[in-house]
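Asks: Sequence:
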Amino acid sequence: MIEPRKNQLKQKLQQGEVVIGPFINCAYPAFIEICGHAGFDFAVIDMEHGALHTLAAEDLCRAADCGGISPVIRVRKNDAPQIQRALDIGSAGVQVPQIETLADASACVRAAKYSPIGARGLSFATRAGMYTACGTGITDQLNQESLVVVHVEGKRGVENIEEIVSVPHIDVIFLGPYDLSQSLGIPGQVGDQRVIDLMQQCITTIRSAGKAVGTFADNPEVAKRWMDAGIQYIGLGVDVSIFFRACEALVKAVKN
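Following this note's numbering from start to finish, the sequence shown increments by one per residue and tops out at 256.
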C-alpha cells in the first residue's frame, strides 16, 4: 500500500516557521508550478473570488505537487460538501471564509475531519486516497495531515475570537484585512489604525491559544510588518496582480 502524502506546510507551521504563498486565480497549471520553483511555501487556490471549478483546482493541486509547493483550497463558504471536495482532490488543506462564531468553527472542523473527530464523507477512490492505492485504513493519517485554516474577517468574528480559537483541530486563524476594513465601514483602508489595532488584538489571543495566525499582504513591506507582529502564514499577493505589476514594470522600464 502507498502512504498518504506528508503535509510539508503543516510541518513547517508546527515547527514555528513563517510560510508565504500567493492566492491563485488562474487555471493555467504552469502558474502554480512556477510559484513552487520560485520558492513559495504554499499557494491558495481561490474558489471563493476566482472563477475556478473543481476539475481545474484538481489539476492545480497536481501542478503544485510537481513544483514542490503545498496547495490549499479556499472554498466559497463554510459548507460541508465544498470542504470535503476541496480535500478529496488532494489539497494540503482547506481555507474557509467568514467564520464568526464557535458554531461556525466547529462545523468547519466536522466537515474537514473523518470520524471520530468529524463527519467528513468517506471515499477512498479520490486523489486524496490515491484512488484506493492507500487502502482503507488511512482516515487517522488523513485527519492528521489535513490543514484547517479559518478566516476571521469581520467585527462579529473578532468579538468571538476567544471562542473560535478554543475549537480543536484548527491550525491557522486567518485575519482578512480587507473584509475587516469593510466591516468597520472603511472598505479597502487596510492601513487604517482601527484595522491594525483589531488585528493586533486578535494576534495576541490566537498565539496565546497555541494556534498560528495568518493574513494577506499586498507587498513585501506589509508582509514583513505582520511577520514581525507574530504572523506565520502570509498570503502574499494574487497571481493576476503579480503578473500585472511585472508587466507594468517592464513596460515602464522600456517606455520611460
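Everything labelled a hint here was simulated from the structure, so no lab data went into it. Keep in mind that this is a model prediction, so the values were computed, not measured. Note that CB positions come from ideal geometry on N, CA and C, so glycine has one too. Treat the hints with care, since some could be wrong.
The list that follows gives simulated cross-link-like pairs (lysine-lysine, DSS-like), each with its CA atoms no further than 27 Å apart [claimed, not checked]:
id, residue 1, residue 2
1, Lys224, Lys211
2, Lys155, Lys211
3, Lys6, Lys155
4, Lys77, Lys211
5, Lys12, Lys255
6, Lys252, Lys12
7, Lys155, Lys224
8, Lys155, Lys252
Simulated restraints, written as ranges between beta carbons of each label pair [stated by the list, open to error]:
id, residue 1, residue 2, range
9, Gly210, Tyr178, 35 to 43 Å
10, Lys224, Gly121, 34 to 42 Å
11, His37, Gly135, 26 to 34 Å
12, Ser123, Ala253, 34 to 42 Å
13, Gln193, Arg62, 25 to 33 Å
14, Gln8, Lys77, 48 to 56 Å
15, Gln14, Gly121, 36 to 44 Å
16, Asn256, Gly16, 15 to 23 Å
Asks: Against each hint, give a clear statement of whether it holds in the structure.
Replies: Status of each hint after checking the structure:
Taking the CA atoms of lysine 224 and lysine 211, the gap is about 20 Å. The hint holds against a cut of 27 Å. Annotation: proposed proximity of lysine 155 to lysine 211 holds, straight-line Cα distance about 20 Å (limit 27 Å). With a C-alpha separation of about 36 Å, the suggested pairing of lysine 6 with lysine 155 is violated against the 27 Å cut-off. For the suggested pair lysine 77 and lysine 211, the alpha carbons sit about 22 Å apart, so the restraint of at most 27 Å is met.
The suggested pairing of lysine 12 with lysine 255 is violated, with an alpha-carbon distance near 43 Å, which exceeds 27 Å. Between lysine 252 and lysine 12 the alpha-carbon distance is near 38 Å, which puts this suggested pair outside the 27 Å criterion. A hinted pair counts as satisfied when its Cα atoms are at most 27 Å apart, and lysine 155 with lysine 224 qualifies at roughly 25 Å. Restraint check for lysine 155 and lysine 252: not satisfied, since their Cα atoms lie roughly 41 Å apart, outside the 27 Å limit.
For glycine 210 and tyrosine 178, the Cβ-Cβ distance of about 27 Å falls outside the hinted range of 35 to 43 Å, so the restraint is violated. As the Cβ distance of lysine 224 to glycine 121 is approximately 41 Å, the hint placing it in 34 to 42 Å holds. Checked against the given bound of 26 to 34 Å, the beta carbons of histidine 37 and glycine 135, roughly 33 Å apart, stay inside it. Range check, serine 123 to alanine 253: about 51 Å between beta-carbon atoms, so the 34 to 42 Å window is missed.
Between glutamine 193 and arginine 62 the CB atoms are about 43 Å apart, so this pair departs from the stated range of 25 to 33 Å. As the Cβ distance of glutamine 8 to lysine 77 is approximately 28 Å, the hint placing it in 48 to 56 Å is violated. Checked against the hint of 36 to 44 Å, the C-beta distance between glutamine 14 and glycine 121 comes to roughly 27 Å, which is inconsistent with it. One distance hint, 15 to 23 Å for the beta-carbon pair asparagine 256 and glycine 16, is violated here, with the actual separation near 44 Å.
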